[in-house]
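Number of protein chains: 2
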Amino acid sequence: MKLAYDGTHFSGFQVQPNKRTVQGEIEKALNTMSKGSFVRIKGAGRTDAGVHARGQVIHFDYPKAIPADGMLRALNALSSEDIVFYTSDIVDDRFHSQYLAKGKTYQYRVDNHKLEDPFTRLYAHHHPFKMDLERTKQALNYLEGTHDFTSFASAQSDKEDKTRTIYEASVMIDERTEEWVFTFRGNGFLYNMIRIIVGTVLQVADGRRPVEDIPKILKAKDRTVAGPTVAPKGLCMMEVYYD
Amino acid sequence: MKLAYDGTHFSGFQVQPNKRTVQGEIEKALNTMSKGSFVRIKGAGRTDAGVHARGQVIHFDYPKAIPADGMLRALNALSSEDIVFYTSDIVDDRFHSQYLAKGKTYQYRVDNHKLEDPFTRLYAHHHPFKMDLERTKQALNYLEGTHDFTSFASAQSDKEDKTRTIYEASVMIDERTEEWVFTFRGNGFLYNMIRIIVGTVLQVADGRRPVEDIPKILKAKDRTVAGPTVAPKGLCMMEVYYD
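Those sequence lines, one after another, are chains B and G.
Taking our numbering, the leading residue of the first sequence gets 5, the next gets one more, and so forth.
Taking our numbering, the leading residue of the second sequence gets 5, the next gets one more, and so forth.
Calculated directly from the structure, the hints in this document are not laboratory data.
Treat the hints with caution; some may be incorrect.
Note that the list lumps identical chains together, so a pair holds whenever it fits in one copy or between two copies.
Said to hold, decoys possible - With a straight-line Cα cutoff of 25 Å, these simulated BS3-like cross-link-like pairs (lysine-lysine) come out:
1. K39 <-> K23
2. K46 <-> K23
3. K6 <-> K118
Extracted from the complex, chain B is given alone in its bound form (with noise of 0.2 Å):
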């Protein structure tokens, strides 16, 4: 099934004991459905508390034999607001919404208003300092291809193997309502990768950083050269990629 929800009210997807999670909210609703057998969902990614989703996936084990279009109607009825499901399919039994996962895209939405937008408040990180387009543009350059990425990486990742591949790193500014939108697209993302990415493509965006600084700070292959990891709320898993 392919989800979306607002994270603002949400302890991350991960279910987690006296906490609202969206894994725990959809397994509650799915236990509700099959009165009593437990259900497990897994994921596609484990988003942290805070941060949003327009296209996770979701796969699970169903007891009893139910339509798909049937199961999408039933947990947009039991589920609360700020959780939509899209699409439901039923899939071969070898299916694995994270371990079969070719890629994903994220974006990170900015407020660079000199006052935080109270309407994109949830939605963007603030960061009221004046921004270069150009210098953005060419730090997320450096980002793009195959890197180890360990500088980028919390030092809490378990994951070995810190190379990975960003087939876009862009920005582009929402008409609208003046956010910097950045898109990543990838084949896989440390933790927090993303939100330390921008934190410190934001420190050269507003002139704190030399733009040679992310080549450098990606051979460094040290968490502590690059910048902070910026807020969750200005995240959203954006498309997870199956062949």
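We have chain B; now place chain G onto it with these hints.
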């Protein structure tokens, strides 16, 4: 002062006992600044609970001389993040934000997706039925000009003269969110007028009423012949005009 607010967590503009209101929040901040000498504010329009503003205007008498930009900084620092003050001016004693307003612009946003978009759910009314853009424009056309809007005013409206002039009643589709964005610019609006107009125009848009009902409803001068009052969350006060 010109300000914006996200109306979601306010019980409207006007102060009410034991409720969180826009006026109440601002007066609380002003009273903190003035160390207890009470300051009453006046707004250009009293938005209802859940209604938003991007261009509300307020005025007040402040007991001490403070530079306009100092007032702006102080109120932004003291108020919660769902209110933002954009401009501040020291005006003539005769200025009045409500009585001297020559006109206003409002927007009303409609989410026409089959399933409600979780990211616009607090700022748009969900209307999941097939709508015809041409019919919608024709209906809006009938409303432009000077009319007695009795049929489109809440029965609770206490204004005796219900004649108003609408300079612009238009609709466009937001490219990014695909919302239908209605714009109304006029010399004044009666209580609930825009929400009743939109409730009626949506009945034309989705085919439940013929376009020719609009002039008939105007002529009837009877609230019961118009459509329902749609949700406050879709409405936003965009601009107030003065000479």
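task: Please name the hints from earlier in the document that this structure breaks, with their numbers sorted from lowest to highest.
output: none
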